[in-house]
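Using the sequences and the accompanying hints, generate a full structural model.
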Amino acid sequence: METMKDLSTYLEERGSELSRLKKEGKKIVGYVPGGFMPEELVWAGGAIPVGLNRGGDYDAALKSVEYIPRFIDTYSRSQIGYWALGEPLYRMPDLVVVPCTDKNIETIADCLEMWTETKLFKLGVPHNKSDHAFKYYLEGLHLLKEEIEKLTGNSITEDKLKKEIDLSNRMRLLLRQISEMRKSERPPISGRDYLKLHHTSFRADRDFMVRSLESLSQELKGKEGRKGPRIFLVGSSIAEGDYKIYDLLESAGADVVIEEFSEGMRPYWQEVESDGDLIEALADGYFRRKTPLPAFFRPATKERIAFFLKLAREFRVDGIIWYSMLYRDSYDVEGIYFGRRAEKEGLRFIKIVSDYDTAERGPLRTRIEAFIESIKGQ
Amino acid sequence: MLVAGIDVGAATAKVVILSDGKILSYAIIPTGFDVVSAANEVTKLALEKIDHSINELEFIISTGYARNAVPFANKTLTEILCHAKGAHFLLPGARTIIDIGGQDSKVIRINESGSVVNFTMNDKCAAGTGRFFEVMAGVLGLDISEMGPIALNSSNPCQISSTCTVFAETEVVSLRAQGRSREDLISGIHKAAALRVATLGKMVGYERQVVLTGGVAKNIGVKKFLEDEIKMETMVPEEPQIMGALGAALLAQAELGKQ
Numbered sequence: 068m069e070t071m072k073d074l075s076t077y078l079e080e081r082g083s084e085l086s087r088l089k090k091e092g093k094k095i096v097g098y099v100p101g102g103f104m105p106e107e108l109v110w111a112g113g114a115i116p117v118g119l120n121r122g123g124d125y126d127a128a129l130k131s132v133e134y135i136p137r138f139i140d141t142y143s144r145s146q147i148g149y150w151a152l153g154e155p156l157y158r159m160p161d162l163v164v165v166p167c168t169d170k171n172i173e174t175i176a177d178c179l180e181m182w183t184e185t186k187l188f189k190l191g192v193p194h195n196k197s198d199h200a201f202k203y204y205l206e207g208l209h210l211l212k213e214e215i216e217k218l219t220g221n222s223i224t225e226d227k228l229k230k231e232i233d234l235s236n237r238m239r240l241l242l243r244q245i246s247e248m249r250k251s252e253r254p255p256i257s258g259r260d261y262l263k264l265h266h267t268s269f270r271a272d273r274d275f276m277v278r279s280l281e282s283l284s285q286e287l288k289g290k291e292g293r294k295g296p297r298i299f300l301v302g303s304s305i306a307e308g309d310y311k312i313y314d315l316l317e318s319a320g321a322d323v324v325i326e327e328f329s330e331g332m333r334p335y336w337q338e339v340e341s342d343g344d345l346i347e348a349l350a351d352g353y354f355r356r357k358t359p360l361p362a363f364f365r366p367a368t369k370e371r372i373a374f375f376l377k378l379a380r381e382f383r384v385d386g387i388i389w390y391s392m393l394y395r396d397s398y399d400v401e402g403i404y405f406g407r408r409a410e411k412e413g414l415r416f417i418k419i420v421s422d423y424d425t426a427e428r429g430p431l432r433t434r435i436e437a438f439i440e441s442i443k444g445q
Numbered sequence: 004m005l006v007a008g009i010d011v012g013a014a015t016a017k018v019v020i021l022s023d024g025k026i027l028s029y030a031i032i033p034t035g036f037d038v039v040s041a042a043n044e045v046t047k048l049a050l051e052k053i054d055h056s057i058n059e060l061e062f063i064i065s066t067g068y069a070r071n072a073v074p075f076a077n078k079t080l081t082e083i084l085c086h087a088k089g090a091h092f093l094l095p096g097a098r099t100i101i102d103i104g105g106q107d108s109k110v111i112r113i114n115e116s117g118s119v120v121n122f123t124m125n126d127k128c129a130a131g132t133g134r135f136f137e138v139m140a141g142v143l144g145l146d147i148s149e150m151g152p153i154a155l156n157s158s159n160p161c162q163i164s165s166t167c168t169v170f171a172e173t174e175v176v177s178l179r180a181q182g183r184s185r186e187d188l189i190s191g192i193h194k195a196a197a198l199r200v201a202t203l204g205k206m207v208g209y210e211r212q213v214v215l216t217g218g219v220a221k222n223i224g225v226k227k228f229l230e231d232e233i234k235m236e237t238m239v240p241e242e243p244q245i246m247g248a249l250g251a252a253l254l255a256q257a258e259l260g261k262q
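Chains as they are written, first to last, in our numbering: chain A, 68 to 445; chain B, 4 to 262.
It is possible that some hints are incorrect.
Straight line, CA to CA, 27 Å or less: simulated DSSO-like cross-link-like pairs of lysine-lysine [stated by the list, open to error]: (1) Lys-189/A <-> Lys-89/A; (2) Lys-294/A <-> Lys-78/B; (3) Lys-78/B <-> Lys-411/A.
One side only, chain A facing chain B, incomplete, derived with CB under 10 Å [claimed, not checked]: (4) Gly-406; (5) Arg-408; (6) Glu-410; (7) Pro-430; (8) Arg-432.
Rough simulated footprint, nothing fancy, chain A against chain B, three-plus residues with beta-carbon under 8 Å [unchecked claim]: (9) 71-83; (10) 113-123.
I should point out that these hints are in silico values taken from the structure, not numbers from a laboratory.
Cβ atoms here follow ideal geometry from the backbone N, Cα and C, with glycine treated the same way.
Dropping the structure here:
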């Protein structure tokens, strides 16, 4: 697929492009892509948002323990580790926005605050959807808007924000349409390529990304991919570079046809309204109507499980792989609830917990291969 | 029509040679450092017993943690599937298989046709595996085969609270220094390991008949304490260590039938 190749080349060069833009005076706003940070505010303020979402290397997770205890989840530890290892993308931001969804993610902010000179913005994410919770999140977005305006010296006008919301809506719609193409018996796009669209979008220019998704959408029409066991991959975080589950599934003849993660995916199930009070519209789209909510969210467990089961049915999955990070306890617990419900519905389910460790690879291969063997009815 | 199943595990390499559903020969050797040599040697050993050569094997399936390293295998399958097939072949009433090998332990639920319905296995931790018993035998200066019978000779097993092999070793050394008897210590070690494996299996549940496979199934202490934990009787095939290789050989035979 030409577009996938172009995106891969683009991503390789994007780091240097971002450095150049920064030297030319553009402000870079890093953020943890957990679905609660409206990029539209950053673009409308004339800065460039960059999702900090690397993972999969044990070196980074290990490096972090020089700064924090080991018992923080692997994904959050890795974000701290990449900064500590001097990863350019992690050293580039003029401001880092951390939507504090739980203590693990908040630790990224705490650690950067404690050990670095990085300018930080902790965006509070309440754990329920009451009116006062909505007002709290909305107030956070107003403060973030002011922070970005202060950083760039530009004011975020209604016109600029509307343009960015429309553009982001276009991106969300295209991602959804491409995802839904995988409901077919022979999905035209592999699970890995689909996930890479999300990962690329975290640091691509949004105009470029929308154009790429439009051309990919055209390329995929009428295309037929491989047929094999259909997997729903779901859990806490799926980082850029952490593709081991995809490798193992592909070598076992299976593939991911639908996925849901709190960190590492762009929310794409609903658009943001682009009229009325636009900050309120962002709070409504990114918080009040957001689907699915993370595992810790009350009363998200039941809602999320119902949503996941709906996805499992619509995408006609043969099995579910719950993939969460070590020490991310809220997801660990939810994995057990979801597993029991899924099995009651006759769906095969397996729970995998990862620490990005090389020692886990052997048992992981056996688990995944045995899971696929059991789906094939051997 | 000769077929073979080769199970190259963390501690031992096993092979079963099958002809028309009958076990003609089998062999077990330590895996050692070189997994390819172990696969070659164990196969050669089993074939020598029946005066056959490797060229006469019409289909070979490898399994076990080094399954992908067996150069002469026609196909690889996981040990989960193979243990299920092997145990079900010998004991058709089997519905739950507890396989405790050198490096990992698994609880596998199967249906009446021997297909895997659900399974769970330990992660990278060695707790409740053959390696755990090897380390403990080393600490107590015993041969691993002596451990099981001694474990049954205590009326007051020590409480070993840590199932981590490294921490349990420290705990055992400390209890030994407190003057606890060898029987109480060994019994406590078996109880702790059995509890670990029994708890692991609760995620998939236990259904009768429960069959123990893998090298650790030969340990009568583990069998007793596991039965106490899961409150069910367990069955051990005559040679539990070759269940994976037997299952692989049976699947090799089925593959040949498809051709």
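Here is how each hint holds up against the structure:
A distance of roughly 23 Å separates the Cα atoms of Lys-189/A and Lys-89/A; the hinted pair therefore holds under the 27 Å criterion. Annotation: proposed proximity of Lys-294/A to Lys-78/B holds, straight-line Cα distance about 21 Å (limit 27 Å). For the given pair, Lys-78/B sits about 33 Å from Lys-411/A by alpha-carbon distance, which is inconsistent with the 27 Å threshold. Taking 10 Å as the C-beta cut-off, the interface hint given for Gly-406/A holds, the closest approach to chain B being about 8 Å.
With its C-beta approaching chain B no nearer than about 14 Å, Arg-408/A sits outside the 10 Å limit, and its interface hint is violated. Look at Glu-410/A: its Cβ gets to within about 8 Å of chain B, closer than 10 Å, so that hint holds up. Interface restraint check for Pro-430/A: the shortest CB-CB distance to chain B comes to about 6 Å, inside 10 Å, so the restraint holds. The restraint placing Arg-432/A at the interface with chain B holds, with a minimum CB-CB distance near 8 Å, inside the 10 Å limit.
Restraint check on the stretch 71-83 of chain B versus chain A: 4 residues with Cβ-Cβ distances below 8 Å, three needed, restraint holds. Only residues whose C-beta sits within less than 8 Å of a C-beta in chain A count toward coverage, and the stretch 113-123 of chain B has 5 of them, enough to reach three; the restraint holds.
Checked against the numbered hints given earlier, this structure breaks hints 3, 5; the rest are met.
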